[in-house]
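S.K.: Next come the chains, spelled out residue by residue.
There are 2 protein chains.
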Amino acid sequence: MLKSNWIRYTIVAGILLLFAVMLMLMRGGGKNAMVSGLPNEAMEIARSRELSPDDVYAALATYMPTGRPDEYLMFASGGHSGQLLVIGVPSMRLLKTVAVFTPEPWQGYGYGVMENPLQEKYPDSAYPPADTHHPALSETNGEYDGEFAFIGDKTNGRVAVVDLRDFETKQILSNPVINNNHGAAFVTPNTEYVVEVSQYGVPLGNKYVPIEKYKEEYRGLVTFWKFDRKKGRLIPDQSFSIELPPYWQDLADCGKLASDGWVFINSFNTELATGGMEKGNPPFEAGTAENDMDYMHLINWKKAEELISSGKFQKINNFRVISLKDASESGVLYFAPEPKSPHGVDICPCGEHIVVGGKLDPHVTIFGMSKIKQAIEAKDFEGKDVYGVPILKFDAAKVAQVEVGLGPLHTQFDDQGYAYTSLFLDSAVARWSMGDCKFKAPEGDWKMISKIQTHYNIGHLAAVEGDTVKPSGKMLVALNKWSMDRFTNVGPLLPQNLQLIDINNTGESMRLLYDMPLGVGEPHYAQIMKAERLKAFEVYPEIGWNAHTQTQVDPKFAGGKGTVVVKGNTVEIYTPLIRSHFDPEHIEVKKGQKVIWKLTNLERTRDTTHGLTVAGYRIGASIEPGETVTFEFVADKEGVYPFYCSEFCSALHLEMMGYLFVKP
Amino acid sequence: MLKSNWIRYTIVAGILLLFAVMLMLMRGGGKNAMVSGLPNEAMEIARSRELSPDDVYAALATYMPTGRPDEYLMFASGGHSGQLLVIGVPSMRLLKTVAVFTPEPWQGYGYGVMENPLQEKYPDSAYPPADTHHPALSETNGEYDGEFAFIGDKTNGRVAVVDLRDFETKQILSNPVINNNHGAAFVTPNTEYVVEVSQYGVPLGNKYVPIEKYKEEYRGLVTFWKFDRKKGRLIPDQSFSIELPPYWQDLADCGKLASDGWVFINSFNTELATGGMEKGNPPFEAGTAENDMDYMHLINWKKAEELISSGKFQKINNFRVISLKDASESGVLYFAPEPKSPHGVDICPCGEHIVVGGKLDPHVTIFGMSKIKQAIEAKDFEGKDVYGVPILKFDAAKVAQVEVGLGPLHTQFDDQGYAYTSLFLDSAVARWSMGDCKFKAPEGDWKMISKIQTHYNIGHLAAVEGDTVKPSGKMLVALNKWSMDRFTNVGPLLPQNLQLIDINNTGESMRLLYDMPLGVGEPHYAQIMKAERLKAFEVYPEIGWNAHTQTQVDPKFAGGKGTVVVKGNTVEIYTPLIRSHFDPEHIEVKKGQKVIWKLTNLERTRDTTHGLTVAGYRIGASIEPGETVTFEFVADKEGVYPFYCSEFCSALHLEMMGYLFVKP
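For the protein sequence lines, the chains are A and B, in the order given.
Count along the first sequence from 1, then add 133; that gives the number in the working numbering.
Count along the second sequence from 1, then add 133; that gives the number in the working numbering.
Because the hints were derived from the structure by calculation, they are not lab data.
Watch out, some of these pointers could steer you wrong.
A pair counts as met if it fits within one copy or between any two copies, since identical chains are not told apart.
[What the hints assert, rightly or not] Lysine to aspartate or glutamate pairs mimicking DMTMM-like chemistry, simulated, CA-CA at most 25 Å apart:
| hint | residue 1 | residue 2 |
| --- | --- | --- |
| 1 | K340 | E765 |
| 2 | K448 | E462 |
| 3 | K700 | E411 |
| 4 | K663 | D187 |
| 5 | K346 | E771 |
| 6 | K506 | E423 |
| 7 | K526 | E404 |
| 8 | K724 | D257 |
| 9 | K412 | E345 |
| 10 | K727 | D257 |
| 11 | K571 | D548 |
| 12 | K796 | E349 |
| 13 | K770 | E253 |
| 14 | K689 | E411 |
| 15 | K770 | D257 |
Same shape as in the complex, but just chain A (with noise of 0.2 Å):
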């Protein structure tokens, strides 16, 4: 006894002397430390030492003991994998893939079951791929509120909806102009819209145009979707687009506070390159970097809402859309020069600030929305554009100009007076300081401090509700494109490499934490909400629950007995599921006959889920405490066709089965 105590007492002192040298270490390290993430002496040790599951009980005991929660949770896009990744931070672990665009089997989405958004949009399987790039959370007076994200597909220009409540998808919309996106999703302070903004110039409504016609005929595009929170759902009728010339528009990030009404979009191809270098003209990657300037879109949405209320719109594909003329004309849309392909607009915590990463510049431009806002009080444009819409002075707009590195993309935000900028060609993240700011670091205004490498390629960054009108500092997760040499190889294909950084001191302390290989897409954005905001279903608020609809449905169980009822060619079922049965075991039709299957879950202990799958059927069901699901499918393939719990629910798990006969 005697003993176990003194043992107890020493591992708790040896981590805190272990604590305490590293805080030596972090204060006094300097720059080698910095850069590299971690003294070389001691990573070399690391490294080369064979891991011992001492070494691993160690250094878990401190850092993920069985049992503690994550603080946060990343919302990252899964890029080209079509869904929504959530991650818990700092573990970085993967707590769930959410089905967004691609269909998943484990939960039941895509494989036949009536209440989801997959199956209502393309009930012929046939879904096409989908390139996912920024989630967006609701927000509520611009800080997250834990309800909804929304997430964007830029190969086909669709917008999802996702409840936060169950993490299911619930609507997926194809734009009725465009069919291409990028910036999409951004939501306004009160998530009274979703942004959805084009990349690359078409034709409006998918018509066919020579390309020859470019100027005058290819577009782009803004669309503002309604949201109506207490639906859970988009609204295309109360939604609306504006037409934008055919530059490209990129990324977006919505105003609030000093900027709220506002959305930015930073732009490249102001050359109106249209390639085709088999012809002989310059290749899209040449033509459309020309331009020392492109210009950041100035779109003032509240003025918009007004055109739209007065009538000002036409109608492509029956949805409403402002006229580019009408939006240069009546103080819609406004241009400011931005240099040079510029990738990312970041609006500050107190919306005061503007800032356009260059791309193939090595600054960041920061504009102010005062200046913005006098400029355009006082007309003071540089002209206007081919298209008439007015251009502000570079230097009426502008407050700053910070060198930062080669290739600056994206920028997130601390509680500190700090700004996170992505070098893509430099694989690193800047660290400067904001000024004229909320937050003020120590260092001054406007000045680059320092970098840390990150391996490998950086695209976006997210530092915890950076994002927000409250960032949280702490700490940033890097979005690295390559991985090259970081992971046991797993083929020519790699994961991705987020990587931890640590962000919590001031100054040149940076230091790089952890490297999680995703080997699920390419996590385009992400967002990191304090998990605390979360309202999540343990397990669904009744029996019989609908949730597409998140609402109770009459689940037709006379006594818990499941239920057969044959109406002509017509067959219905009602299963009620418990441990460890299906109800009926048997369910006899005949080839041709329709069957419409009703499935219950009837228990309520948390992560009692049962699942479906039927042999020979195109049927996958993930059926959740409380859930009801339908399947509709003709039987037409005659046999004796298995079917079962696919989920492990008790140790009778395999005796969860029965078998569907289709009889000649």
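Given chain A's structure and the hints, the job is docking chain B onto it.
M.R.: This is chain B only, laid out in the frame that chain A set:
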């Protein structure tokens, strides 16, 4: 300089001190430390404190610093995700989801690329869902050789082949005789065969027969798929099945060394229960659990090969099947009684012992191959079952029983003489000592040693190379079915929990190291291999590589230029891919024309993958360095469709695009 060195030495000393303390704890910690996996005070301190970046930094410096590769790779089934998961051990990081039965756009799998088995098998995109259960790594002399992985789909009775040079699925086969499986896949010691065993009794050949004829006309099946290692394919013409009684065959394992030439299958439902609770029959969960003993199936596959060679088979759906009668009468099939609805049969490293988990019995039962052979020789039978299969006497086959706890399922082995059995109902792993085996535990033969709690409801477990002839010991992963309260709640469908357990030391010293949530499916079984065994490609060996056949094809580029060839109503396009443009950038076709589009990635740098998606069309590819892929589609929708590179390949990645013009 001096100061900096001092700091570095101090941190190294600090780390070493902590290890020393941990070591002392480990040796003296006793029972209390074992059960929870961490000493309670340290655990409480760790859990209650907000995790600071310093904590993470300190822990990860020794655990998983950037750039440290994993020593082991775990290949886990994705359960009803339908995929195969590759996880680094000990870091428990998801390195890759290998798309097998489910389309996966990140890997360009199932979205129109002609060179993949999903497209080959289901050209209409109506892919059925799968429930992957047991991955099997290819073996040479009973050791993993790092070349191939095989995996079964329980729902539809399919098996798939994955080539570990590029971690891509090369073949999917449906069993021609039976429409479901469970014990699949398992390999013989030199991967002569991949074994697939059915689960639920059905009429063979997929015909309709009333359930009343269950005993007479429903059957089980074991299939031996011949594997051609050079081709990397299963060869149906060289494969065969053996008809089995309609007991529910369950899990299988292939004999090795002392038991080479045999396959072992546990079974339950020797009651021949047929369910139908809605008719007043006992539900399956009751009807299948009445007998105290079920039958382990002993299959002599070398003798079965002789029957096949001598023409003793029938053909069902053109597939060779040895009849139950011939199998019973020719020494191919024997039964040994096994207690009570067992789940799991596992062969020890020396091949002598067959361990069966009781599921509804608290024991594991150990059978001996020498005793079995003697009993067969001596015809020491207790009789025959109703189908004429000779049944060995229990005591003539049994070597020992060890009481391990409630719900014993599966067993793995280490290099110190211990076996590890998962206990579903206890939510624990039992360590017990083997007897009369290659390795000797200090506690002596057939003794229960200790248990460690898991969280919760463990199914399978996997030790490092724990089912080969040379297990490595050290670490074990518990594949828990429920996670309940372990992680931040992300809705009613919870992640699985894979727990890493230290088994490095003898006696009562198992320790819980780490919880890995996994929100991408329900991993069922896993195998863990030394990473050094792999010979994965870093890039494809030659430009113009067909990954499906693993051979070079003619990419048809004159001087690396794109070409377009119009042949009647078909447009053939040859596109080289290199950072950062397509050639051609304009693809012009008439509505209704057939397009054959061949794309080749000319890059030779690792990780320089290019992707392809096309707005409006169901097209998605991931084209790794050197690879050639082909799409064939009809341009049936008029309009202007941007296509672009969907992998972030360079700073000008967004500019790597083109247009598909479909003219009226």
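S.K.: Against each hint, give a clear statement of whether it holds in the structure.
M.R.: Consistency of the hints with the structure:
1. K340 / E765: between (35 Å within a copy, 23 Å between copies)
2. K448 / E462: Within. Shortest intra-copy distance 19 Å satisfies the 25 Å Cα cut-off; inter-copy 79 Å does not.
3. K700 / E411: between (62 Å within a copy, 19 Å between copies)
4. K663 / D187: Only across copies: K663 and D187 sit 19 Å apart there, 32 Å inside one copy, limit 25 Å.
5. K346 / E771: between (56 Å within a copy, 17 Å between copies)
6. K506 / E423: Neither: 29 Å inside a chain and 81 Å across chains, both beyond 25 Å.
7. K526 / E404: Within one copy only: 19 Å inside a chain, 86 Å across chains, cut-off 25 Å.
8. K724 / D257: Classified as both; 20 Å inside a copy, 22 Å across copies.
9. K412 / E345: Within one copy only: 13 Å inside a chain, 72 Å across chains, cut-off 25 Å.
10. K727 / D257: Both. Shortest intra-copy (16 Å) and inter-copy (22 Å) distances satisfy the 25 Å Cα cut-off.
11. K571 / D548: Answer is within: at 9 Å inside a copy they meet the 25 Å cutoff, but 61 Å across does not.
12. K796 / E349: Answer is between: at 18 Å across copies they meet the 25 Å cutoff, but 62 Å inside does not.
13. K770 / E253: For K770 and E253, both the intra-copy (24 Å) and inter-copy (21 Å) Cα distances are at most 25 Å.
14. K689 / E411: Between copies only: 16 Å across chains, 64 Å inside a chain, cut-off 25 Å.
15. K770 / D257: Answer is both; intra-copy 18 Å and inter-copy 17 Å each pass.
Of the numbered hints listed earlier, the single one contradicted by the structure is hint 6.
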